[in-house]
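As they're listed, the protein sequences go chains A and B.
Using the numbering used here, read the first sequence as starting at 1 and increasing by one per residue.
Using the numbering used here, read the second sequence as starting at 1 and increasing by one per residue.
Please note that the accuracy of each hint is not assured.
Stated by the list, open to error - Covered stretches of chain B, going by a simulated chain A footprint (3 or more residues, C-beta under 8 Å):
| # | region |
| --- | --- |
| 1 | 33-41 |
| 2 | 74-86 |
| 3 | 204-215 |
To be clear, the hints were calculated from the coordinates, so they are not data collected in a lab.
Using N, Cα and C, we set each Cβ at its ideal position, and we do this for glycine too.
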Amino acid sequence: MFIKELSKISGVSGDESRVRNYIKEKLSAWGIEYYTDSIGNLYAPCKGSGSEGRETDLMLSAHMDEVGLLVASIEKSGHLRFYTVGGVDRQALVSKPVTIGSNEVKGVIGAKAVHLQKEEERKKELKTENLYIDIGAGSKEEAEKSVKVGDYAAFLVEPSGEELITGKAMDNRAGCAALLEILRRDLPYSFTAVFTVQEEVGCRGGTVASYRLNPRAALVVETTGSFDTPEVEEKEYSTCLGKGPALTLMDGSVITHPRVLERLISVAEELGVPYQFRRYTGSFTEAGVTSFSREGVLSGVVSTPCRYIHSSTSMLRRSDWEHLVELLGGFIRSVHEKGVAD
Amino acid sequence: MKELLTRLCGAFGPAGAEGPVRDMIKEETAPYSDEQAVDNLGNLVITRSGSGDKTILVAAHMDEIGLMVTYIDENGFLRFTNVGGVFTKLLTGKRVVFQNGAVGVIGQEKLKDSGELDLSKLYIDIGAASRDEARKKVNIGDMAVFYSPLGMSGENRVTAKALDNRTGCAVLVEALKKMPSEPAHRIHFVFTVQEEVGLRGARPASYHLKPDYGLGVDVTRVGDTPEPEYKLDVSLGKGPAVKIKDTSIICHPRVTSLMIQTAENNKIPYQLEVLERGGTDAGAIHLSREGIPSGVLSIPCRYIHTPAEMVDLEDLDNAVLFLLRLLEEKWE
């Protein structure tokens, strides 16, 4: 399953090459052409039957990167201090296993033992500066044999489950998997799938990709937080697992173009695909940059609902992801046949 | 001016749903436009070809702040989020209206203390007794704006919602009507979308039109009320303001000095504006492509982003005159 295979791969923002290589291998095996750009985005242009040259009309993008850590310094004791990359849930860091750098050194995020914490310390939240990565090295010199300052560290979690899938980096390997599945189906329609870099640090890959392609419409394929959990009132849920892909009305970076939103709804209803609206309107997505690229691009976002994103382990339902793929396929066909501007 | 402003302020146009305002402006300006176009994001571009070789982009945003429905509960109450800079503390008890005319009032849950007031404690009551009844009028994703039509205050002052920035739109429309048949330059009047959520419409419009100069027309804050938040030497009724800087732009000195010179030469009252907090479309325009020297003609406005903003009609008339004279200048 692409989702679980992709979930396993380390690819913190700026260090997406392993994810990119996995996707390249799949595309090569299926005989699909691709190209990359200087920032690291991977493009797969699909030429629909009888419509050569229209493959840049529609851009579908999914970001390859995940949130993670970057080694900032190495202590005399051999422990690694780190920066966070992207919006990591800092409360969820302590005691998590990580894999570091190209040598894939294994470590665990440590903090002062709970036994030694004074009462007031236990009440306080753990800050990044109180945490470190322990790779079992006894000294700085020993640590430097396998890691160096500037190495990335990613969560190390074995994905599990078939219908209810848990694992790291579902945001946004589930989106990458959906684009891969669409490409595998070899649809006779024109579009370009783009696997982007550095979304989690500010949509940097998407900025470059949308300028380069200059599409007429852009659909961002994402994974979005659900918040349908205990201690949250129903009015504060953003999405619910099991109720189908989520359509974004508005987030902190974009108000979805009404023509894109209307088309997504009509396609979902035609296909009988369940869908829901993402009710939380904060945070940002690549649609925020595609929308205002060059002379303005009609943009929208569809997402797989997911619990616990930006922590080490997230959770989604395969049925939501499958419905997302159906919706994407229908949307691509609809744009190919009717355009999106009308 | 008052009649036009009444209609423009009455129109529904939160960021992302500016259609009714755009349609009104299109119709109003059709006899005075050489060319009208709507771009991908919904910006309305009205072009007047001129004799000179310069192209000037004059921008005013059509959108206003608003609310968006995020959830409808089983008793028919609507939960909502803000679209642009809404003051949470001012919302309780205000009436709002949806595009289809449905009117609601904002209610507030019981609070333990006043400090915990945030949007999650507020709801919109549209008079529906159940979720199903509410859904007949309003759906998730629908937007609402303040229900607050224009009224006179004193001889020359008006209050209404959305004076930010239908005031700017009205100034552009009136200037367009009074422009000579062949202006000195090629002028693009751009009525932009989504300014209130981050200057989003102006950027693609400016990229597309490639102007030599940019000029924004928008409202600005004043410092002439009791205990104002910021020291700001701008008052209502003392003329339009030449913006020097805000948080989105340091206006190009060539443009500001041309503006000041024009006002002096034509004896148009004006003020100088240094705004410590706030931004406007010129912030996006001046950074597009290779950089576009830009300035801003500001209309003093009290109580910005509340249901009752206030401007002085004399300032508006002077702004129209100022804009017309400015566009006749040599922009070297």
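Here's how the hints hold up against the structure:
Only residues whose C-beta sits within less than 8 Å of a C-beta in chain A count toward coverage, and the region 33-41 of chain B has 3 of them, enough to reach three; the restraint holds. As drawn, the region 74-86 of chain B meets chain A at 3 residues by the rule of a beta-carbon pair under 8 Å; at three or more, the given contact holds. With a threshold of 8 Å between beta carbons, the proposed coverage of the region 204-215 of chain B by chain A holds, since 4 of its residues qualify and at least three are required.
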